[in-house]
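Following the hints, complete the assembly by docking chain B onto the known chain A.
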Amino acid sequence: MAKGYKAAAKRALAEQPQVRESVTRATLHFDANRARAYAEVEAEAWRDWAAATKRHTLSRLDRYLIQAEARLLASGAEVHWAEDADDAQQILRELIDRYGVQRVVKGKSMLSEELEVNGLLERLGVEFFETDLGEYIIQLAGEPPSHIVGPAIHKNLEEIRALFHEKLGTPPDASPGALAAAARKVLREAFLTADMGISGANFVVAETGTVVLVENEGNIRLSTSAPRVHVVLAGIEKLLPRVCDLEIFLQLLARAATGQKIGTFVSLLNGPRRPDEPDGPEHLHVVFVDNGRSSVLADREMYEALSCIRCGACLNTCPVYRQTGGHAYGQVYSGPIGIVLTPGLRDPRLAEDLGYACSLCTACADVCPVKIPLPKQILTWRVRSAKRAPAAERMAFAGYAQLMTRPRFYRISGKLLRIAASLTGAPWLPVLGAWAAGHGALEPSPKSFREIWEEDLGNA
Amino acid sequence: MRVCFFVTCLADQFFAEAAADAVRLLRALGVGVSFPRAQTCCGQPAFNAGHWDEARKMAAHTQDVFEGCEYVVLPSGSCTTMLRAYSPRLFEGDRPRYEAALDLAGRSYELAEFLVKVVNAKDLGRGLEGVRLAYHHGCHVSRELGVKEEPVRLLEATGAEVVPWEADQECCGFGGVFSVKNAPVSLAMADRKLDTLPEVDYLTSADGACLMHMAGRARTRGLDVNVRHIASLLWEARNG
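Residue numbers (this note's numbering), protein chains in the order written: chain A, 1 to 460; chain B, 461 to 700.
The hints are simulated quantities; they were obtained by calculation from the structure and are not laboratory data.
It should be emphasised that the depicted structure is a prediction, and the values quoted were computed from it without experimental measurement.
Treat the hints with care, as some may be off.
[Unchecked claim] Quick list of in silico lysine-lysine cross-link-like pairs, DSS-like style, CA-CA up to 30 Å:
no. : chain 1 : residue 1 : chain 2 : residue 2
1   : A       : Lys-371   : B       : Lys-608
2   : A       : Lys-261   : A       : Lys-6
3   : B       : Lys-582   : A       : Lys-376
4   : A       : Lys-10    : B       : Lys-577
[What the hints assert, rightly or not] If you only want the chain B side, here are some residues facing chain A, beta carbon under 10 Å, derived:
no. : residue
5   : Ala-471
6   : Phe-475
7   : Asn-508
8   : Ala-520
9   : Gly-553
10  : Arg-555
11  : Trp-625
12  : Phe-634
13  : Val-640
14  : Met-672
15  : Arg-679
16  : Asn-686
17  : Asn-699
Quick reminder that beta carbons are idealized off the backbone N, C-alpha and C, glycines included.
Bound conformation, chain A alone (with noise of 0.2 Å):
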C-alpha cells in the first residue's frame, strides 16, 4: 500500500467520506467560534505581544530551562531531561518501577503521543486509562488522536455509539450525554484507584516553577490530585518566563483553540502535596522532553514553530484538513503545524510528501495566535525538498524557464498547446493531463490575448 499524505488522502476520501463530513463540520464550528473569541478582544495586540514573548523565550531557553529547573527542585518536585522518546521511556519506566505502578490515568497529551507512552505501558503490562473524553473515545477504538485539540472529530455519532455499544455495552442508541456517562462510570473508578497520573503541561512558568494545565472536563485536575505519583512531560519549548505572562497566554489559547474566553479548568502545580493540603501528589516528577526540539531550534528558518501552544486552530482553518482530519498526514502532528513541525523533528525527507498537503492559501497564518508563519515555511520545506524532486519534475520546471525566459519561443509554444488542447483536450501533456482527468478537457481560447492585441487591441 502507497505509503504518506498523497496516498491516504486519496484512500479517506474514497473510503471514508463520514470523515470529511465530521471533520468538516467540527473544524468550521471551532473555526468560526475563534473568529468570534478574537473579535471580543484586541486580538491582533495580543498576538504579536504572545509571538514576541515566545520569540524571546526561545532566544534564551537554555537560561529559563536552567531557572525553572531550579524552581521545581525548590518546590519538591524532581526533574527529569530527555533527550530523545527512548529516553523518556527509560525515566517512565524507572518511576513505575520505583512506585511499582499497576495503573496508570493519563491526562491529554500529544507529547506522550510523541513518545508512545501508550505503546510502553501495554508492553509493561500497566492498565492505563485515556481521562479526556475523545482520548478515551479513540482508546477505545484503538486509534491515534487526530487532532490536537479534537482527538476524535474524525468519529460522528453512530461510530462513537455502534463503539460505545461494543466495549462498554451501552444501548445502541444511546444519547450523547448517556455516552458520557458510561464513560464517567469507567473513568471515576480509574481515577481513585490509579497510582500515576500523567499529563502533558501547556506552560512551564521559569521564575516560579509552575507546572500549567488546561482543560475542559475536569480529569486532569482528577489526575493530578487522585493517584499518588504525577508525571508531567513537558516539551522544552513550553516555557514561559512570568507568572504574568499567563494572563495573555491563557486566554489567547482557549480562545484559538475553542473560542472560550478561558478553558473551563486551569491547575496550576507547584510541587507535590504538602503537610497541609488535603490532594495532591505525594510524587511530582517533570520530565522536560527534547526529541528533537533542539535541532528546530538552531534551524533559522524553523525556529519560529517551536512558539506552538497547540491550540489547533491552523488546523480548524485549513481547508486541506479538513478534507482528509488528521490521520491522513500520518505523524503525530497534522495540518499546518505538523507539516512544518514534523521534518524538523524527524526527518526532513518527510517534508517531500506532507509539503504538498497544503494549497497555499494562507489562512493560517491569520489565526496562528503565535504567529507563526507557518505558509512561508512550508513553501521554505517545498524549496529543500525540490532539491531532491524526481529528475523528470526537476526537467520540467527546468524547461519551463527556459520557455517562459525566451518570448517567441513561449509564443509559438503556447499557440500548439492551445491547438493541442482544442483538438484533444491535450491528456497526454504532463501536468495539463493530470489536471484534465479531474477538470475534463482544457478549453484554451480561440485566440491568445497577445493574438487579439495584434489584431485589434494594439491598434488603437
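This is chain B only, laid out in the frame that chain A set:
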C-alpha cells in the same frame, strides 16, 4: 495615466477575452494601456513548487520587461501577489535584483484594486442591474495583499447583487501544482465551494485560475455553474 498591462501566461492562453475586456475597460476610463511584448510568466508556479532557481529567472525576466512602467496592471490576483509579496524573497542575496523586485512590487496592481485605488473609479455603469453574483476571494490577493472590498464594491456599483456565500473566502483547492499533486483533495475542496454556492447567475473572481478549477470540477459533476472573470463583468457593466 498610462499603464503596462501584464496579461499573465494563464490569461493569455485560457481567458484571453477577459484580459482583452480588462484593456477595453481601462481605456474606456481614460487609462492608456501598453503591452510589453516580451512578457511571459511571473514565475509563481515554480516559486510555489520550491524550484526557486527557475522562479528567479522568470522573475528577473519580468523585472526587465516592466522596467520603467509607471504602473503594471494584472487581471490576476495571484500573479499580482507574486510581484508584490513573493518575488522579493527570491532575491534576498542579490541587492540590485532585490531592489528591482521591491520597485516592481510598488508599481503593480490587481485590476479591480487599481480601478479603485488609483483610477478612483466609483461608477462604471449600471449594466448589471439585477444580476446575481457570487464573488470568490482568491487566497493570495485577499489575505496577502488585503484586497477584499475593492472588487466587491466595484461589482455592487454596477447594480449587481453580490450574494452572501459562506465559503467565499475559503481556498477553492487550485493551489497550482497542488491541484495535480494532490488532485483528490484539491477537487474535494472545490466541492466544498460548489456545494455551498448560492443560486447565482455568475460565479466570478479576480483569479481566473480559481475559476477554471471550480468550473472544471462543476463540469465533471454535471453542475450548471457559469463562471465569468471580473474584468468581463465590469466591462459588460460599462459597455452593456
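Tell me the hint numbers this structure goes against, listed in increasing order.
2, 3, 4, 9, 10, 11, 16 and 17
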